[in-house]
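K.L.:
Here's the letter readout for the chains.
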Amino acid sequence: MKVNLPPEELARDGRFIRTALLTRALDPRVTAVPREKRSPRVPLSPELPGSSEAARSLMHGIFTGEIQAMEGAGRTCWDFPIGDGPADAPYELKLDMARQCWDEARHCEISVKLGDWMGSEIGEFGEATFLYEAACNPDPVLRLTGVNRALEGLAIDVFNTMREFGSRAGDPVLEFCEDWMLADEVTHVKMGSDWLRRLTATDPERRARALEFQRIVDKLFSIGGARGEEEDSPIRLARRFRELAGFDTAEIDEIAQLSTDAREELYDRQDRAAATAAESPAGGVT
Amino acid sequence: MTVTVTPETFVMVLFDHDAIVAVAERVAAEVGLPPDLDIQIVVDEAIPLARVHIESIDPVVINVEGGAFEDPRHPRQLGEELVADTLGRLFFQVLDRRSPSFGDPGDDNDQDLSHKVAWDTYAVGRLQRLGYDGRHQVRLYAFRNRHGFSDTSDEAFNRLWTGQDLTWDEITRISDDAVALRSV
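Residue numbers (our numbering), protein chains in the order written: chain A, 1 to 286; chain B, 1 to 184.
These are computed hints drawn from the structure, not numbers from a lab. Glycine residues also receive a C-beta, built at the ideal position from the N, C-alpha and C atoms. Honestly, I wouldn't trust all of these hints.
Unchecked claim - Below, a sample of chain B positions facing chain A; criterion: calculated Cβ distance under 10 Å:
| # | residue |
| --- | --- |
| 1 | Ile47 |
| 2 | Leu49 |
| 3 | Val117 |
Using the sequences and the hints given, assemble the complete structure.
P.N.:
Below, the structure is given as structure tokens:
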């Protein structure tokens, strides 16, 4: 069996369509939207028009994330020799990753059933493989900060938001699915926090690299600042659950600030691109 | 029937103007819009959301945000099935609005969201009977979100989904009754 399987070799059947991150990142409707056309952000709520469609799309994204989280945790069991060196993974870490792999497999099954309930088909929306890509880092500690602390941390925020969405809509299936998966995600993030501290206890440089990687992933995938603590944040930062998952207040404050920064940077980029497009006869779009 | 789609050339998305015209002509004929009716479809390609609005019924003017026509698996590309689903639903609502016996639903933007979802259900149910997908479970989920997750709500949904020759008063009554029972 291969060590370090590249993302393009992930096994998928014909229902899944891969969407490259750059395709979304370079979408001119996102990068060059003029200020007057910018849709206001609102917290995700069942009272809004189109909210059930937004919920379906978001939950399908979570479903493909669960598949990749299962694949990533499984890879970490295999990709590193057992040991305590910088390129090794302790046996107990592999046990935790095996447990996570089992949890994620169950989440995949829950997500498929939830998709049936909401009317979604497997593969109805494009799949971005950023979670698995973060799980390809050659250092197991960076995998833990990139995936378990950053992306599974984002999953905590999404599950908590969607659990509240289900509760407000009176949808018992969505509410329970999110509540059960949220409980597991808190455990997965806690695993990341615990192993980060344990594996870098005597190696401050490695810890700094791992936390820097987490910051990059957190900022990149704050969805242009859509996940945050502002009044209009569609996805709320779930402070209490993050505390349970081993984040301290300063770390949570930093994630909130990263989201605010990501939003401001996105708006700045949009303003600059819109101005450029306005000056170009072809609208600046190719 | 003359179908006009603007813009003629899309620059922000990779939509095929002629494909939209072809789908609109086919669906309008199947829904039963009068053959002498002019139809204008105005696509705001800069907005990846999916809001739609019937601006007028003679000529028919429909404003569509680009996301309503976009293939969710392929960003910026046209999803012809979605074009048919979206326009089919709106064309049935145009047909309702043009019928003197239907009643006055008011402007799209002023409708109560529950009523709007109920009317969508009635329109898509008819579209499905023409052989289009209709995405029954998607519509049921949207209806439940507005009217409750209960057997009573599902019965209301079925009355609308299988309904024929309903009036605006009947649609809103079915919707209001389901909402009232939701809060009991």
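K.L.:
If a hint holds in the structure, say so; if it does not, say that too.
P.N.:
Okay, the hints, checked on the actual structure:
1. Contact between B/Ile47 and chain A, as hinted, is supported at the beta carbon level, the nearest pair being about 6 Å apart and thus within 10 Å.
2. Annotation: interface hint on B/Leu49 holds; nearest CB of chain A at approximately 6 Å, less than 10 Å.
3. Hint on B/Val117 holds. Least Cβ distance to chain A is approximately 9 Å, under the 10 Å limit.
Consistency with the previously given hints is maintained throughout, with no hint failing.
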